[in-house]
Every structure is written in structure tokens, then in C-alpha cells.
Amino acid sequence: MFLIPDPVGRFFHRMASPPHFYAFTERLMPWLVSLFVLLTVAGLYGGLYLAPADYQQGDSYRIIYIHVPSAWMSLFIYVVMAIAGAIGLVWRIKLAEIVAISSAPVGASFTFIALVTGSLWGKPMWGTWWVWDARLTSELILLFLYLGVIGLYGAIDDKRTASRAVAILALVGVVNIPVIHYSVEWWNTLHQGPTVTKMDKPSIHVSMLIPLLLMALSFKFYYLIALLQRTRTELLLRERNAQWVKTMILGSKQ
Amino acid sequence: MKPARKQRLILIGLMVIGAGLATAFALKSFNENLMYFFSTTDVVEGKAPKETLFRLGGMVIKGSVERPNDGLMVRFKLSDFSKEVTVEYTGILPDLFREGQGIVANGRLNPQGVFVAEEVLAKHDENYMPPEVKGSLKNQPQPDKGQ
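For the record, the sequence lines run as chains A and B. Heads up, the first sequence is in our numbering, so the first residue is 12 and it goes up one at a time. Heads up, the second sequence is in our numbering, so the first residue is 1450 and it goes up one at a time.
These are calculated hints, taken from the structure and not from any lab test. Keep in mind that the hints are not guaranteed to be accurate.
[Claimed, not checked] Partial list, derived from the structure: chain B residues whose beta carbon lies under 8 Å from chain A:
hint	residue
1	Met1464
2	Gly1469
3	Thr1472
4	Met1484
5	Tyr1485
6	Lys1532
7	Pro1543
8	Asp1544
9	Leu1570
10	His1573
11	Asn1576
12	Lys1583
In this text the structure is predicted, and so the values were computed from the model without any measurement. A virtual CB, placed ideally from N, CA and C, is assigned to each residue, including glycine.
Based on the provided sequences and hints, a complete structural model is requested.
This is how it looks when you write it as C-alpha cells:
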């Protein structure tokens, strides 16, 4: 703990306490929402209007501005969920457990969007809605992992036990993340190789890349907003008998 | 760190590593099945199945696409830059099918060694650029692949 500066350490320590977290995120929310709206408007305007048509796919490629950020988010959220789950398992921090389970529905939605937009894109370009190649199949497994996490959490009544079970499932599923990312390089797939995240410079023209990155950032903010709202609700539910919740509710009534 | 926490952390680490190793071995042993298609070299070297349906992937050789009897039947050559295979297909081709483009065809080999496709899918590349940029790239000398 020597490497972390004292104020940063104190901030995280305070954040792990439910009343502080609840009050802080309430003040944070308007800023997050305005940033999200700004980024989405800029990203969509850039992607759908300013960016030029593709030399080969024409205007159809513009679905990339939803498909690719969603697919990135589906992986990113899973990693966040697994790490939060691990922190919950080791340090038994209530808030980490709640962050893990609150991430699952958001991640599942992004995975679903990535699969559906990919399918809609595949029909005109490849000539098929779906193929069982390594990339598509591993992404579908990711959706099932998310659904498994949500189902398992719902099936166990004691929410602290449920959180521990869910964290173990999420951690075992982490193995799927590199498989999804590298599937297009390890095996022959119908899905093409990486465009942006490869070692040399991205094979996408800069006028098309900027809106893509803006959309990716906007989706990150959406996740943060959805995650915080879900976490706050879950926190109130779990802590409904705690003193700080009682004071807050009764205090606002008086 | 308290001993109990340290123990749990080590346990989780071992679990993740274990799951990773198990998956790596499983994927390694199913490597062949995870390949979505055979390359043209596999077919020429006789590694592809003889009687059954399989998928063949490669690049359509420039200038090889022909329609022998003015019908829907198309004949073209596929290559992976080393070996070539002739493909015949009757039906509607996807939008992105063109010479110099990667495709994946599903079908079987006939006794003459011609691949008779039942389905043709286009594989699009990872490059996105406006048409003007593509035009100017064509006029430049191609850089060496080895660099």
C-alpha cells in the first residue's frame, strides 16, 4: 500500500462505505449523463453523417459504430465483473459484490446488441445471418455466461452467498475473454481480423476512426451510469435495515 | 495482508490458472474442428475430406471468374497464394463477391478435383477507408510485405 498516495487511498476507502458511496454518486450523476449525451451526439453525427462511405461496403459499414463499441463493452464489462467479484471474494467488500452483480445485465445487453448488429451486418456482406465460426460462437458463449451469472444470483436467496457463487462462475468464465479476442487470429474464421486493436497502425481511415472511438467512450459512460444506478438500488435493498438508510429516508420526509 | 485473505487470493489465482490451462488443452486438441474452413493448400495436399461436405476458403484469383454456359453457374479459381483450386457454383453470389476478394465456400470435391459449392459466403477484410483513399493507394507502388 506504499505506492498509492494517501488521498487516493482515503478516497477508495471512503467509497467502500455505502452511505458515502450513495451520496457521492448522486452528485456525480448529472455530470456523467451530460458527458454521455454529448459524446453520443458527437459520435453518431460523426459516424452517420461526417464519415465518408467505405470503398467496398458503401454506407452499410456504418453499423460498425454500434457493433464494435458494443462488442468491446461486452468484453470490458465482463472483466470488470470478474475483478469486482474477486475483490468481493477476497476482501468481502459488500460494494464490490454489488458492482459485480450490477454489471451482469448491462454486459448481457451489450453482448446481445453486438450479436444482433453483427448478424444484421453479416447478411448483406457475408451472405449469411449466422455461422458457427470461432469468433461468433465464443461471443455467444459470453452471452450465456452473463445469463448464467444473472440466473445463479437469482436462484440463491442469501445474497451474500449468491455473490460468492456468482464471483466464482465469473472468474472461471474469464478464460473466454482472450479466446474471443484472439479467435480471429488463432483459427480460420469468417469474421475478419482486428482493425483497431492491432500492433501496427489501425486499418481504418482516421475520419472513420474518430467517431468510432467517440462512440466507444460514450458506451463506457453509459455503462458507468447504468452500473451506478443499479448499484445504488441494490445497495438500498440490501441495506434497508441499516441506520443510514433510515436516517436518509426519514430525514428527507421531515 | 491477513493470512485468510492471502489464502483466498491464492486460491482464486490457482482456480483461474487451472481453468485457463484446461481450456488451453481442450482448444488445442479440438484445433482442427475449430477451423471454420480448409485452405486450398489443404485440398491440394489431400488433407480435406473426400466424400463429405466441407468449407473451403481462399482468395478469388483475378481474371479467373467465368460463366461457361451463360446460366447461373460460375466457375472461378481460389488461391491461398501458394496452391489453386477450381470452384463451381450455381446460384446468387453475395454483394462482396469479386475478384481479389476472400470467400468461404461450402461444398464437396468431385472426382475431377473440382470443388462443387452449394453455398458461397464473402469474407470481408479489416480495412475501412473512403473510395478516394483506395484510389490513391492503387497508384502508389505497393510496399514490400516482408518489411
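Just to be careful: measuring from the Cβ of Thr1472/B to every Cβ in chain A, is the smallest value less than 8 Å? Status holds, d = 5 Å.
Met1464/B as an interface hint toward chain A, with CB separation required under 8 Å: Status holds, d = 6 Å.
Under 8 Å, Cβ to Cβ, is where Leu1570/B needs to be relative to chain A, so tell me if that hint holds or is violated. holds (5 Å)
When the nearest CB of chain A is found for Gly1469/B, is that gap smaller than 8 Å? holds (5 Å)
Holds or violated: is there a CB of chain A closer than 8 Å to the CB of Met1484/B? holds (5 Å)
Would you check whether Tyr1485/B satisfies its interface hint, that is, whether its CB is within less than 8 Å of any CB in chain A? holds (4 Å)
Would you check whether Asp1544/B satisfies its interface hint, that is, whether its CB is within less than 8 Å of any CB in chain A? Holds. Min distance 6 Å.
Minimum beta-carbon distance criterion (8 Å), Lys1532/B to chain A: Constraint on Lys1532/B not satisfied, violated at 15 Å.
Can we keep the Lys1583/B interface hint, with Cβ of chain A closer than 8 Å? It holds, given that the least Cβ distance between Lys1583/B and chain A is near 4 Å, below 8 Å.
Using 8 Å as the Cβ threshold, decide whether Pro1543/B counts as touching chain A. holds (3 Å)
Interface hint compliance - Asn1576/B to chain A, C-beta minimum distance less than 8 Å: Holds, because the Cβ-Cβ distance from Asn1576/B to chain A comes to roughly 4 Å (cut-off 8 Å).
Closest C-beta approach of His1573/B to chain A relative to 8 Å, hint status: Constraint on His1573/B satisfied, holds at 5 Å.
Comparing the model with each numbered hint stated earlier shows that hint 6 is the single one that does not hold.
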